[in-house]
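Protein chains: 2
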Amino acid sequence: MTPSTPIRPIRIDNLQYANWSPELFAEMADAALSAVHVTICYHENFRETVANMATWNRYIETHPARLMHGRTGADVRQAHASGRTAIFYGFQNCAPMEDDIGLIEILHQLGGRFMQLSYNNQSLLATGCYEAEDPGLTRFGRQAIAEMNRVGLVIDMSHSAPRSTLEAIDTSARPIAITHANPSWWHAALRNKSDEVIKALTARGGMIGFSLYPHHLKDGSACTAESFCKMIAEAATRYGIESLGIGSDLCQNQPDSVVAWMRNGRWARETDYGEGSADAAGFPPMPKWFQGIRDFPNLAKGLESVGFATEEIDAILGLNWLRFYDENFTPQKKA
Amino acid sequence: MTPSTPIRPIRIDNLQYANWSPELFAEMADAALSAVHVTICYHENFRETVANMATWNRYIETHPARLMHGRTGADVRQAHASGRTAIFYGFQNCAPMEDDIGLIEILHQLGGRFMQLSYNNQSLLATGCYEAEDPGLTRFGRQAIAEMNRVGLVIDMSHSAPRSTLEAIDTSARPIAITHANPSWWHAALRNKSDEVIKALTARGGMIGFSLYPHHLKDGSACTAESFCKMIAEAATRYGIESLGIGSDLCQNQPDSVVAWMRNGRWARETDYGEGSADAAGFPPMPKWFQGIRDFPNLAKGLESVGFATEEIDAILGLNWLRFYDENFTPQKKA
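As given, the protein sequences belong to chains A and B, one line each in that order. The numbering used here applies: residue 30 is where the first sequence begins, and numbers increase by one. The numbering used here applies: residue 30 is where the second sequence begins, and numbers increase by one.
These aren't lab readings, by the way, just hints derived from the structure by calculation. Accuracy of the hints is not assured; some may be wrong.
One copy or two, either will do: identical chains are not told apart, so a pair holds if it fits within one copy or between any two.
[To be verified] In silico DMTMM-like cross-links for lysine to aspartate or glutamate, where the CA-CA straight-line distance does not exceed 25 angstroms:
{"#": "1", "residue 1": "247", "residue 2": "333"}
{"#": "2", "residue 1": "228", "residue 2": "73"}
{"#": "3", "residue 1": "228", "residue 2": "341"}
{"#": "4", "residue 1": "330", "residue 2": "59"}
{"#": "5", "residue 1": "363", "residue 2": "299"}
{"#": "6", "residue 1": "363", "residue 2": "59"}
{"#": "7", "residue 1": "259", "residue 2": "285"}
{"#": "8", "residue 1": "362", "residue 2": "134"}
{"#": "9", "residue 1": "362", "residue 2": "299"}
{"#": "10", "residue 1": "317", "residue 2": "271"}
{"#": "11", "residue 1": "317", "residue 2": "56"}
{"#": "12", "residue 1": "363", "residue 2": "162"}
{"#": "13", "residue 1": "247", "residue 2": "285"}
{"#": "14", "residue 1": "259", "residue 2": "324"}
{"#": "15", "residue 1": "330", "residue 2": "341"}
{"#": "16", "residue 1": "363", "residue 2": "308"}
With these hints in hand, go ahead and build the complete structure from the sequences.
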């Protein structure tokens with residue numbers, strides 16, 4: 030039986046870390062998301078990461094009408110054709126590979142498709158955006174990038190520092206990603222990216238996913254859809270529409286203990302508040318027009334209202350990431 | 030029964046990584062070593078490090094006439110009085126604490142007394158001496174130093190880079206150590222230490238242990254005892270005799286596969302030769318006058334022949350480290 034021609038366009042949210050539940054899987058369907066890149070771990074080591082992947086494998090097994098495991102771009106098309114959501118696994122730090130370059134291929138074999146080289150702090154590979162100094166890629170980092178290129182595990186520099194990010198863009202033989210961040214010319218924040226970084230990224234075929242996390246937004250939780258979508262319009266002018274996507278950074282239904290884990294891992298005895306503060310240590314409230322997964326369609330409305338055409342909206346909200354998936358999730362072709 | 034008054038002075042070798050065997054324990058006795066700081070791990074993670082400590086615990090249990098577990102300076106005196114060698118555990122990298130600051134106290138409880146903040150490469154805490162850039166201590170590194178100070182796990186910067194070392198000296202509330210290295214004014218090598226670093230170290234009560242590893246020696250394997258001991262005499266003039274000791278870096282009876290592990294760990298797919306080269310990838314031959322543990326007494330002869338007095342020789346070959354052990358292996362006194 031051939032599936033009926035899909036009516037709705039392919040939509041992809043390239044970064045979420047929700048407190049997953051059947052209710053949220055239903056929201057993914059309501060939002061017509063054909064693919065979601067889910068965060069599998071922050072500071073979890075290899076064994077803990079495997080446990081988290083096993084949990085996701087079980088979600089996928091027990092919700093076959095809603096979910097499927099995404100490994101390639103073709104899986105997104107299959108999910109779209111069958112009204113499901115393809116779940117792609119990613120890691121917000123290099124913690125799951127520990128100090129072992131051989132684990133890069135293992136993580137890819139288990140479904141990993143994005144891995145950040147550092148998360149806020151210095152890692153074994155690269156520097157995070159909250160360190161005072163950024164010496165660029167380490168010796169290990171250069172070898173890890175070559176191995177990630179080889180197997181098809183995409184380098185993500187969302188939480189990395191500028192010099193490390195520029196060096197990763199230059200060192201990587203394949204395009205890399207900033208899965209969830211915004212331009213610092215729109216909202217200055219250590220987690221947002223300079224014009225120089227986004228230019229270098231996109232000039233090499235890389236993608237940026239715009240984030241809805243309030244600390245990355247101009248006016249924070251009060252940011253309007255118009256302001257956000259005008260930022261995207263300006264980015265399209267500067268970098269070309271084909272490099273733009275969404276990585277909402279939704280942490281829907283997560284308790285504040287989770288943001289404390291993200292910020293402090295096991296490394297801090299003195300509490301680190303990251304983008305927050307002692308007075309506002311928890312998750313910030315989401316903008317009214319983007320409360321959760323179900324509000325993804327508001328992005329299409331917002332983009333339309335600032336003048337984007339339908340095919341441009343479809344590119345930003347899904348087809349650009351789909352092209353990137355097609356090109357970067359499989360092993361490197363030998364020269 | 031009171032032990033008889035010891036005739037031989039207390040001798041300490043503050044860094045060895047031999048291929049341990051009953052024969053080498055007998056050599057420790059022949060050399061009259063009352064204490065040896067043994068390397069428990071390089072790149073081993075926490076669980077692997079615990080396994081290595083269990084191996085050592087078993088050596089100590091099964092050789093009670095030769096060995097005892099060293100935890101404090103008092104243990105050195107007890108070993109000396111009973112003609113045994115106190116074995117002190119140390120780590121040449123921060124790999125055993127993984128990313129968990131809570132493991133610092135655990136490692137100390139298990140007997141760890143020295144831990145390097147980095148080994149050649151960038152670590153989560155500090156930079157290694159073979160990285161192209163040295164940004165100094167990381168955010169995690171500063172918290173780890175405070176915790177190491179608290180529990181009495183001594184910071185060792187033997188394989189770290191200069192700025193990281195200077196910042197560790199300044200940041201640590203307690204004296205730190207360079208357990209095995211030589212001055213770069215005697216032999217220029219990335220692993221040896223500048224006058225500035227040794228001055229800062231010793232001005233804060235820190236200790237340097239001179240290394241017999243040929244890559245750290247002037248003229249390498251051909252280095253003479255006279256040259257080595259004259260270097261110590263010059264160091265005594267520059268830094269004061271009370272900060273000087275020995276950390277021989279003996280890797281006696283180890284196969285070349287071990288030096289490959291030290292250099293490459295699990296991080297390198299492209300072989301790293303460290304201080305060696307593709308043509309000379311193995312352990313270098315030791316100097317004729319310092320072939321192994323049994324030759325430790327040759328240091329006393331060499332120091333005497335360059336003019337040191339007996340009490341100065343006893344300080345350099347043991348009592349300085351003993352004083353350092355007395356002061357730095359127990360928890361920090363509360364202010």
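Please flag the earlier hints that this structure goes against, numbers listed from lowest up.
Going through the list in order, the structure violates hints 2, 6, 7, 10, 12 and 16 and respects the others.
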